[in-house]
Structure formats: structure tokens, C-alpha cells
Amino acid sequence: MTVSGAVIRARGLVKHFGRGQSLVRAVDEVDLEVPEGQTLAVMGPSGCGKSTLLHLLGGLERPTAGEVWVAGRRIDTLSERDLARMRRRSVGFVFQSFHLVEELSAAENVELPALLAGRSPREARRRAMLLLDRVGLAGRARHLPSRLSGGQRQRVAIARALVNEPLVVLADEPTGNLDTAATLDVLRIFEELRAAGQTLVIVTHDERVAATADRLVSMRDGMFVDDTHLAAARPRGLGGLLGLGD
Amino acid sequence: MGSVVLAVRLALADVRRHPAQAVMLLLAVTVATATMAVGLSLHAVSDALYAQTRAATAGPDVVVLSGESGPEVTAALASLTDRPDVAAHHGPYRIVYTDLTTRDAVSSPVVVHGFAETPGPVNRPLVTSGRWVRPGGTVLERGFAVALGVDVGDRVTIAGRSYPVVGIAVTAATSIYPWGAQIGPYGGPSDYTGLAWMTRSDARALAESRNLPVTTAIDLKLRDPAAAETFRHTVADDHPVRLVRSTFRSWWFTAQHDKVILRNAQPILVIGSWLLGFLAVTGVATLAAGRVAEQTRRAGLLKAAGAGPGLIAAVLLTEYLAAALAGDALGLTIARLTLPAVAAPTASRIGDAEPTVTAVVAATALAVAVAVLSTLGPTLRAMRTATVTALAAAARPPRHRPRLTALSALLPTPLLLGLRLTARRPGRAVLQACTTATTVVAITVLLTVHAQRERGYGLDGSTALPNLRGLHDRRLMLAITVLLVALAVVNILTFTWTTAMEARATMAVARALGATPGQVAAGLSAAQLLPGLPGAVLGVPLGFLVYLLFGVGDSVPPRLSWTLGAALATLLVTAALAALPARLAARRSVARELGAEAA
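Protein sequences, first through last, are from chains Y and S. For the first sequence, our numbering gives the first residue as 1, with consecutive numbering after it. For the second sequence, our numbering gives the first residue as 1001, with consecutive numbering after it.
Bound-form chain Y, shown alone (with noise of 0.2 angstroms):
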């Protein structure tokens, strides 16, 4: 980690979009810090700058201006290359739109960062088939995506997400796609993440999942408008917060 113990953490970071009158300031002097082990929820309204923060905190986007460290290392200077790699050690990536690959089974979706990583193929095989077990989804391992659920390849794209073991799992609208039942699932599985010390950085429209955080930061227009700490405040367990009970 740093020495602040950060994670994540940006510095003035800026990121406009076209030029001119049609300048778009997606983010705009943003500074942020992620400590080890926090569960970070960033919502606002659409457009706000949400999605194009977590590219930049993933090395997907570069920024316009500011910096961004990740795990002590400033990554916004890094070559495209070095940024790959950084994402293979240090980040695991949740889309609204799962993005796994159609052809590949579940498993195969879940092993394919671990590969990339460099693992053997058994030991990417066994830590995918650890990771579908985890996640429930252990019997749908050789399903194609086109074969489960929303819920169940949010599920999937979650484990590999994690496959890697990742510093920090940054989540884009996680259930941004997803039915109650499976906005529950997944809901479940981040608790038990954060419960374990995971980082998670999740960009969210929902109330329920923002209320899992232990942070809620709040975004207008490519700026923090509100930061709050919630790990004191709100009730603990999964069915507590979703009024559901125990």
C-alpha cells in the first residue's frame, strides 16, 4: 500500500471530452482517497461523470489532468503497456453490462484474466472453479453466457473480477441491468467481499447498493458534491440494510 495506506488515490484529476463548445467536463478537479478494505459507492445522476472516474481510476481512460495512484504507484504516466499490467495484479473490473466473452463458457470467462496473468492453465482452471463455487454458480460452469441469467453472469463477471485477487474490484452499475432477485445475489456477494477486507469502488444509481458502503460519495456535473461515511451509521448484515431481516 501507500503510506497513507490509500489504495486508490487521485489528485485534481480532470478529464473533458471533445473541445470547444462542445467541451464536455466528465470530471472535473476531482481528489480522492480509497483506503484498504473500504467499500467506496460513487452515485449521481446519469451523465455525472460516474463511469468515466472509474475508467480513470482503472487506467481504462487517461486523464485530462490530476493524477492517479493505484497501490502507491502513479499510473496516469504509464505506457499502455504498463497499465495492462497494472490491471492484471491490481484491479478487477464489474460492468453493467457483464462484457464476458459469448463463446466462452462461464469458467472459461472466469480463468481468462488468470491466463492472461500467466497462470497455468490447471491453476487458472481451479481458482475459476473456487470462484464459481463462491459465487454460487459452481453447476453452471460450462454454461455460455447466453445460457444464464442477467443475475447469474453478473455473477460470473464478478469472479473474474476477482480471479486474481485483485487490490481493489471497481464495479460500474453492477445491477444497473439486473431484476431484484439477482440485484439481491450480487448484493450478497459484495457484502461478503467487503466483510473479507476486498477494496471496492462500485458507481451506482441504487439506493440498496450504495447503502452496502462504508462511504457514499456523491457526484454533479464531474464533481464530488458530498462525501459521507456510513460504516457507523447504517445497520450491519445484508437483510438489515434492505429491510428485508435476517
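No lab work stands behind these hints: they were computed from the structure. No incorrect hints appear here.
According to the in silico footprint, chain Y covers these stretches of chain S (three or more CB under 8 angstroms from chain Y):
| hint | segment |
| --- | --- |
| 1 | 1400–1412 |
| 2 | 1500–1510 |
| 3 | 1513–1525 |
| 4 | 1581–1592 |
Every value quoted in this text rests on a predicted model; they were computed, and no experiment measured them. Glycine included, C-beta positions come from ideal geometry on N, C-alpha and C.
Use these hints to put chain S onto chain Y, whose structure you have.
Chain S alone, transformed into the frame defined by chain Y:
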């Protein structure tokens, strides 16, 4: 009428949106149809050039040659003129066998025909530059003069004596250069020989000065030129000409003999046009497949608007058919311009030529076939898809291939990505393999053509005068190979870019998961290289087989190291070419690609 206007408007809009695709189809069809039209017209054009030369030179219907000379031979040949079916004649005249050397010391066998200073009614060589024979000067046959690099005013040495070249001429009485001697000395076989004319007295003096071999010939014009081929059979066995070892050469025989120099040219061009057509189909089909979802959505829109299957097919095919027919027209124009040079590699014939009707029809059929074969699949799919489904059509998802996926897991990341990309579109992988095989076949045939031993047209087979047939074959094969390689290059770029665009979401996911741009680019290159490998391996034996099938006599294979080197070079070039679009594709923004996919 409204439907036609709609189809044309939509086709024009498509061309504006995808100009590179239209240009690629146009150029590919142009080279394929030009090559096919030239190849299929070769023999007819050779006949046409012979006919025009024959008409311009009062070419004889029959030339009767005797391997001997002397008064009895002359009398025997002259007695043929008494026959009622002979309308006119020229000769008998003397043919002297000797050597000719230019000022540049290029030597060649030559036959010297002794002609009158004023040509007769039959076999009147057409002087194309300079003037006709005069005492002390010689006229060279044009094909021979061009091969020697000699022009009017130059001096040549014939049988040790220097003569000025006073003229250049063509004749239809003999075959084209280097078959000026229709029989050898004493009636035996002849070597590659040029033709020259002198006055009768000069030819006699030349023969007597060195005691050179002499034969005798007479040119006959028949009342029925169509009977020329059977004329020899109408000469009685006890006719004096039968006693002097005579050889009959009809105009038809000479016209056919002209084509000997084209013996390999036609298969080179026709097979070349098939291969060019095939590469055109593979390239355009790949582009069309990349647009299949777009075409299906368009078909859905048309269906929703009430269009019938005919109109939908017309709209989808018009763009391709129009580009192919434009390419066909361009190809036929190029064929018309190049035909005389290709059909007459020597300068022994005069005249102009056009592609035959058969060649025009075949070339047009090829153009239509390229357009239809390239787009039939996507068009049928678009027509068969239900309207609602078509309106929301997306690219067909690739099939799950667990064994290949498991195998690829054992490989380094670029090969892992490459193999999985290859497995996404196996049909395209086959087309890629065929493209590589076609290229290697062409290169192998080219190398095989170059490996053949051939006798030069100079004295004693010297290559100071090159073997024109071999030279012609090599030039044509080189041209075909260059065109095939050019199309293959375009195809590789097309394959790679189409693969990259179709797999951009998957590659963006791979990059988000930690694949570097270099690994993705290498994976895209590997996806082109992997199918190319079996293509290259197959291409070498296939190339030699093609040569054996259409080659002549004892073919010498090229050096193994050359062919293997060519196959390896093809693969390396494939990898290098694929790297260009692959690198461009790998540099696209991951976030944007993922966003586009989600949208």
C-alpha cells in the same frame, strides 16, 4: 420504376458510406476480368493477326518446300503451277541456310530467301520500314530484327560478308520468329532461325560462295483457299514433286504454328484469372460478412416499409453488381489495349485485335459471379430473417469451441488470443488459408517457370538471343503473381481489420482484464498467421502440381530452398501486413469500445 430509383439511390448511398469497399471490388474485378479476357482471346487474336498479315502480304495458301535444290527440284515444284486448282504462284525460290551476326556480336541461324526486286502476286512481304531488297542489301523479318535489336541502316554479317539492312518486313508465308525456317537444311529439322531476304542473285552468290545448304520453295495461291489443308493429298504419288522430298505447309498450319509461342501463355492467364477471381471473392465476401448485421437491419427496414423479396435482393446486390460491372468494363478496356502485345510477343505480325465475344461473355460472367458469390450469403440471410428480428439484428455470435479454447490456454497470450480469434470465424480462416495457398501457388509456379532450362534463340542455343517463349511466359507469370500478391495483400489487411472490428468488444474486454496492446496486436496478427500456415505448406506442392498439369515436357522443379523460402517469406509478410491494422485496432480506447458495446 420507383423501385429501380430506390435501389440505385440506396446503392449510391452505400458506395458513399463504404467507398473503399466499392473501390476494392472494382479493382479486383478489373484485374480478374482483364486477365480472363486476354487469356481466352489469345488464340483467336493470334489467328486474327495472322489473317491481317496474310491479307496485307498476299500470303500464300500453300508453301511447298523441298529439302534439295537444283534444276530438277525447281522443275518439280514449278510443275505444281500447272494444276487447275492453283490460281497464282511465287517462285520457286532459293532458301539459303547460314548464320547472321550483328555489330554487337549477337549471332543467330538465318534463312535467306532469294526474292525478285519487284515482288510477285503471291507472298509480297510488307515493308514496315526502309525499302525492299536491292542488290547488296538485305531485308530482315521484323520479329527477327526486333530480337536482334537491328534497324534499317545497320550492317549485319551474313556468312562472313557484311550487308546493309535496307528494310524491315513482315510475311505470312512463314511462321513467326524464331520459326522462319520451316524445314531444316536438306529437309531435316530446323533450329530457331530468323528470316532475311536478298535479291535472287545475291542469294545465289551467297550460297555458292561458301557452299551453304540450300533448299527450294514455291508459294501457291489456290482457287479455293479452304482446300489448302487437303491440297497435299490431291497431289498424285507419281507427281514429280513427290520425288524431291517435299513438305507442304498450308496457311492454316502456319497460323496454328504461330500459337506455339503462346502454348503456356493461355493457361497462365486463364488459371491466373480464376485465382484472381477467387481472391476477389474472398476479399469482398469478408467485407460483406463484416456488414451482414447492417444489411440485415436494412432488409428489415425495407420489409417493414412493404418491400418484397425482389426489391430487397435488388437493393442489397445493386451496389456490388454495379461495382463489378464497372470493373468488368474497365477490365475489358485494358484487355483490348494489351491484347496485341500479349498475343504477339514477337513483332512478326501486324494488325489490331479485340477480345472475342466468348471472352467478353466469360469475363462478364466472372464479374457477376464475384459480386453474387461475395454477397449471396448475407443477402439470403437478410431476406430470410423475420422483419422484427432483422430490425434488431446483431453480428452472429461465434460458436463455443471448448477443445480449441482449452488448447489455447496452454499457449502464450498472443497465440491464445490469436487461436481464439481464428476459432470465432472458421469460414474466414479457411478463406485466409486459401488466400495464402493461392499466393504461394503463384510464387511456386513463378519459381518453377524460372527454373526451367531453355535453349536460347542465338547460334547453337546461345542465350544472347533470349528464348522469347520462355521470356513471355515469365513476364506473364510475373504479372499474374504481382496481381495475385497485390490482391492477397489487400485481403490480409481486410481480414485483419474485419476480424479486429468484429472482435473489438472481446479485445477490449481482454485489455480491461490485463492484455497489453502489444499482446492484442500480436493476437490479431497470429489470427491471420495461423490459418496461413497450412495454406503456405499446401501451396508449395500445389504450385508445382499446377505447373506439371499445364507445363510442357520434362519440368524441372525449383530449388527446395527457394520454394520454402518463398512460403516462409509469404508468412512473414502476412504477419507484417496484419500487424498494421492490428496495431491500429489495438490502440483504440478500451473505455470507448466497452461503452459502444454496452450501447
